[in-house]
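> Sequence:
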Amino acid sequence: MTDVVLPCRNEAAALPGLLARMPAGYRPIVVDNGSTDGTAAVARAHGAEVIIEAEPGYGAAVHAGVLAAGPDDGVVCVMDADGSFDPAQLPLLAGPVRAGVAELCTGRRRPAAPGAWPLHARAANAVLARRLRRTAGLPVHDIGPIRAVRRDDLLGLGLRDRRFGYPLELLIAAGRARWRVVEVDVDYHPRAAGTRSKVTGTVLGTLRAIHDMGAVLAR
1 MTDVVLPCRN EAAALPGLLA RMPAGYRPIV VDNGSTDGTA AVARAHGAEV IIEAEPGYGA
61 AVHAGVLAAG PDDGVVCVMD ADGSFDPAQL PLLAGPVRAG VAELCTGRRR PAAPGAWPLH
121 ARAANAVLAR RLRRTAGLPV HDIGPIRAVR RDDLLGLGLR DRRFGYPLEL LIAAGRARWR
181 VVEVDVDYHP RAAGTRSKVT GTVLGTLRAI HDMGAVLAR
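Each residue of the sequence shown is one higher than the one before, counting from 1 in the UniProt record's numbering.
Take the hints with a grain of salt, since some may be wrong.
Stated by the list, open to error - So the derived label-pair ranges between C-beta atoms look like this:
1) THR135 with ARG21: 35 to 43 Å
2) GLY137 with PRO16: 40 to 48 Å
3) GLY34 with THR135: 15 to 23 Å
4) GLY17 with ALA136: 29 to 37 Å
5) ALA68 with GLY17: 17 to 25 Å
6) ALA136 with GLY38: 22 to 30 Å
7) GLY34 with VAL101: 15 to 23 Å
8) GLY17 with THR135: 33 to 41 Å
9) PRO91 with GLY17: 28 to 36 Å
10) PRO111 with LEU155: 18 to 26 Å
11) LEU92 with ALA113: 18 to 26 Å
The hints are simulated quantities; they were obtained by calculation from the structure and are not laboratory data.
These figures come from a predicted structure and were not determined experimentally.
Quick reminder that beta carbons are idealized off the backbone N, C-alpha and C, glycines included.
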């Protein structure tokens with residue numbers, strides 16, 4: 001069994017469809033990070049394990065989910081719960097890690113429809129990825145919110161960021177640890193109706209994420 005951590009804040013509208021598409025052998029762990037729309041109740045009603053994380057922030061939610069993940073095959077996936085990713089593609093990411101080909105496998109978003117990935121967010125992502133390729137030597141083109149890694153390896157990195165800087169800190173730490181990092185293409189769809197991105201949905205959200213990631217780069 002492979003655990004899938006789904007950090008959530010007000011994603012109730014997306015969860016029924018998302019959880020229904022979870023592939024066999026993949027167990028969803030929904031981490032409710034301050035939702036006000038009944039996210040936790042919807043997740044439980046559709047068979048997901050639910051963790052409540054009071055500390056606000058993407059990194060805080062992911063970390064809580066990873067701690068809650070079981071040993072099983074040792075691999076844990078992390079994926080946004082807004083409906084923008086297809087859970088059926090999770091084996092593409094878990095496969096290289098499970099096979100020992102990579103310590104970390106990340107998804108490179110490929111927009112599946114116009115407007116799925118706003119230009120301002122795509123541009124900011126490209127700048128950060130270019131810097132990572134240049135300074136850390138990592139073959140990545142996306143600071144993506146979908147990834148697979150062995151749970152113990154991830155916890156061993158001792159990541160500290162609990163906000164939007166978490167994905168970038170993970171990649172920097174993976175580079176320093178000389179991990180083998182593999183990037184695979186994944187479809188990126190428009191968010192489910194009734195949900196709103198905390199990052200790409202607004203320019204302000206993107207700027208906040210850039211601020212958090214800038215703080216990580218400055219360490």
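> For each hint, tell me whether it holds in the structure or not.
Hint by hint, here is what the structure shows:
Evaluation of the 35 to 43 Å hint for THR135 and ARG21 yields a pass: the beta carbon distance comes to about 37 Å. Look at GLY137 against PRO16: about 42 Å separates their beta carbons, and that is inside 40 to 48 Å. Checked against the given bound of 15 to 23 Å, the beta carbons of GLY34 and THR135, roughly 34 Å apart, lie outside it. For the hinted restraint 29 to 37 Å between GLY17 and ALA136, the CB-CB distance of approximately 36 Å keeps it satisfied.
A C-beta distance of roughly 23 Å is found between ALA68 and GLY17, which places it inside the suggested range of 17 to 25 Å. Between ALA136 and GLY38 the beta carbon distance is about 40 Å. The supplied range of 22 to 30 Å is therefore violated. Between GLY34 and VAL101 the beta carbons are some 37 Å apart, a value that contradicts the proposed interval 15 to 23 Å. Checked against the hint of 33 to 41 Å, the pair GLY17 and THR135 passes, with Cβ atoms roughly 39 Å apart.
A hinted range of 28 to 36 Å for the beta carbons of PRO91 and GLY17 is inconsistent with their spacing of about 19 Å. Look at PRO111 against LEU155: about 32 Å separates their beta carbons, and that is not inside 18 to 26 Å. Against the hinted window of 18 to 26 Å, the Cβ-Cβ separation of LEU92 and ALA113 comes to about 20 Å, which satisfies the hint.
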